[in-house]
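Can you build the whole structure from these sequences, using the hints too?
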Amino acid sequence: MKVVLQHLTKRFPNRNKKIKEEVVAVDDFDFEIPDGKLIGLLGPSGCGKSTTLNLISGLETPTSGRIFFGDDDVTDLPPENRGVGLVFQNYALYPHLTVRKNITFPLENLKGAEKLSKEAMSAKAEEAAKLVQIDQLMDRKPSELSGGQQQRVAIARALVKRPRVLLLDEPLSNLDARLRLQTREEIRRIQRETGITTIFVTHDQEEAMSISDMIVVMKAGAVHQIGKPQEVYDRPANLFVAKFLGTPAINVFSGRVSGGKLYIGEDEVLSVNGVEDRVVWVGIRPEGFVLSKDGALRCGLEAVEVMGRDTSVVATHPSAASENIRAIISTENEIDAGSETVCFSVKPKKLFLFDVETEENIPFSC
Amino acid sequence: MEDRLDYEIIEKKARTRRIVKKTLIYFFLAVWALTVLFPFYWMILTSFKTYSAYNAEYVPKFFTLSPTLKNYADAFTAVPLGKYFLNTAIFTLLTTALMMAVIIPAAFAFSRLEFKGKDLVFTFFLALMMIPNELVIITNFQTITNLGMRNTFAGLILPSVTSVFYIYLLKENFEGIPESLYKAAKVDGTSDMKYLLKVMVPICRPTIITIIILKVIECWNSYVWPRLITDDQAYFLVSNGIQEIRENGFGRENIPAMMAAVVSISVPLIVIFLIFHKKIMEGVSRGGTKG
Amino acid sequence: MKSRNLKAWLWLLPAILFLGAFMVYPLVDVFVYSMEEGYNSASQTFWGTGFYNFSYVLHDPYFLQAVKNTFILVIITVPLSTGIALLISLGLSSIKKVKELFQTVYFLPYVTNTLAVGLVFMILFKKTAYSEGLVNLLINAFGGSSVDFITGPYWAKMFVLCFYTVWVVMPFKILILTSALASVNQDYYNAAKIDATPPGRIFTRITLPMISPMIFYLVITGFIGAFKAYSDAVALFGTDLNAAGMNTMVGYIYDMLYGNSGGYPSYASAAALILFAVVLTITCINLLVSRNKVQH
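Protein chains in written order, with this note's numbering: chain A, 1 to 366; chain B, 367 to 657; chain C, 658 to 953.
Derived from the structure by calculation, the hints contain no laboratory data.
Do not take every clue at face value.
Here are the simulated lysine-lysine pairs, BS3-like style, with alpha carbons at most 27 Å apart [stated by the list, open to error]:
| no. | chain 1 | residue 1 | chain 2 | residue 2 |
| --- | --- | --- | --- | --- |
| 1 | A | LYS20 | A | LYS37 |
| 2 | A | LYS130 | A | LYS118 |
| 3 | B | LYS379 | C | LYS753 |
| 4 | B | LYS537 | C | LYS664 |
| 5 | A | LYS111 | B | LYS378 |
| 6 | B | LYS378 | C | LYS664 |
| 7 | B | LYS537 | A | LYS111 |
| 8 | B | LYS482 | B | LYS552 |
Structure below.
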């Protein structure tokens, strides 16, 4: 089932009643989610990603714009008629019901021709439980399960009625680090096996990048970029997207383009074609630095952290937007930790230029 | 296309159902609100009707065109209603003040001081919470009578100056204050008394105010104990006064004057309630769920 | 160490003194009284010890009437008030506009003097020579015939007593249930809505189990409170409840202690202990049931 969002907008009255101005939670969201894909809605907290999810599920109604499931306009349809499955951040498992009863709960609501016999319900519940591998725990209460197990029950409950769209709200945020890695693989697997169009919300860019077919980066209600994870990472549309994706974060410098050359401070870093002379923000990914004795970028060396496979170099540069810059280089490079300066050359593909005012990406060729 | 139509029907049905449901709910809530408010309306209305007008109305009117304050004058002159008010005010004030003086130190001892037998005493205190008033009132009545304290404020007040429940509530609240504050104060050489009055009491002010308000309501409405312990009108509280008026009236059955008295004694608490309604409701629900 | 202990006890001293004098001592004493046969208040003498006081009380028609009244009152008002309070709280929690106003109005009876408002109820229900009373006029308007609710037939008096009791206990129950409902995580309702759960099922399968501890709490305290009913009856029917046939168990205790028929603390003690035993038994049964029923 493809999901189409047309100019979706949601405004809330301000919580502080004195301020008349409304809060725009989602601003003109326009996107067609292809059938059977796993989509990550990514952004810092308060960016409107959860509101978007609630609009799709029908728990909130949009101020303007339309929502389509396939060719059906579901914008004004109450949530119970939409046929979506929703997994809540805190799972919202009914604490007084066993795992089995929790999973069969949605099936018991079916009416008329869709009504199922007890056996059929039980079989469907078993099937869903097997899919998420909790079929051993059917008679326990939610309080007797670990966080990861509760998460699986919540997914099973959302899947059991074969939803047209599966929605996951911060599905991994309540799990510890190891479980998070495991569970996200699990979500990917379940999505592949069922082929249900799935939208999940997260503030963790790594999580979104690792399992999504496409990611949507949002900030303050506005969509900043939509694309395949690697595309978004390699070609960020603006400074915010560049900063939000990637750990360690991208290094930002103030620079200027003059006569087809890019300068950071006095250092001539790169020749950039097709850009007129102007002041720019320069973003360089940590892995975009190459250690070289006659490298153009001269930085003060602060610290060297060897982390097995990679070496992280903490350095300073007068034109950097933050106090420190961080470069990730291969451990094979010997670096003199006692030295005061370090010189880098830069990989052009890992360097981006942004407009100082609009922060939009400025394309260039080498 | 057919699908579209289906959706429209579903949407329309859902909307109608929502509106009908909302209307029914508001109707139901309004009915109960009326049930609650009507007696208040009736007593205020009647208190402004003249004696003759009231008695002439075989079918009572829901409004009055010639309101009078004479009933209020009657209520305060024909019976010593003013005296009842004064008594109740004194009783409420002294009881509440004394109670705070008793329960705050006790709660402090339970929450901050370490001493032998603390757990045992506290458990014993908690056990006392289970004891209904009816069980102890008999002996208290005998005690106060034997001490010759009938028809005195001491007799009225003393049995109700402790409340295990409020000690418990306050102790819980005191314990919420980080112990490090107490230790810091000790290091600075602050005495326990100063720490209690300057730090704990101000921090726990919301709870203390809640307790005071609840106790004031309780005192203002108390009936049973004052009835047992006073038979001299000079020591009647408002509840006993109103009952006295009900039994013996104003010489004749003067319902408007009776209602004027009822309004007079209800107004102070209602005013307090309207000012502090959030605090009072919060306090009652907290007290209620923990008790 | 010793001085620290002493200091702590000093802080507790007022509370201990008052509790000792007016709670602990009377608690022991009530048992003593209940066993002293033929105790005379004036001379403070008695002629024997035994269970005669209990036997007397249990054979006193006034006491039996009081027990009957109290049980009827309890059985009618506790389920009724809890049920209506639940409905009102559900209504309250599903609206936004003027919710706070409704809540404030509903709480009003809690802060008013039971005796005073009881008087208003009496006036509304009473049939006098001059007027049928407002309620009777209403009954007449619907084609019924007038009933004297205050001095008339037993069922009419019981009806007024129950009605007034419900009116008085409602604020507390509405308050507790409203906050219980508010504390149920909204996500459960959202989850149920997305699964197309019909409202009735949401109520029985989610709401009710989630707030069941609070409902049981209200039922237990409601039973205890209703067994102690007294001032509502006084407000409606006057202090001579025995004559009106509307006495309650607590009323019987007080009447034995003081007033026209008073001066018998031994009988009062025996009655108080019987009441305490009844309340304790009912509470224990309630707790047992709730332990089995409340799911958590």
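Hints versus structure:
1. LYS20(A) x LYS37(A): 40 Å, violated
2. LYS130(A) x LYS118(A): Holds. LYS130(A) to LYS118(A) sits at ~18 Å (cutoff 27 Å).
3. LYS379(B) x LYS753(C): Holds, at roughly 22 Å.
4. LYS537(B) x LYS664(C): 18 Å, holds
5. LYS111(A) x LYS378(B): 19 Å, holds
6. LYS378(B) x LYS664(C): 74 Å, violated
7. LYS537(B) x LYS111(A): 54 Å, violated
8. LYS482(B) x LYS552(B): Within the cut-off at roughly 20 Å; holds.
The structure is inconsistent with the numbered hints 1, 6 and 7, although it conforms to all the rest.
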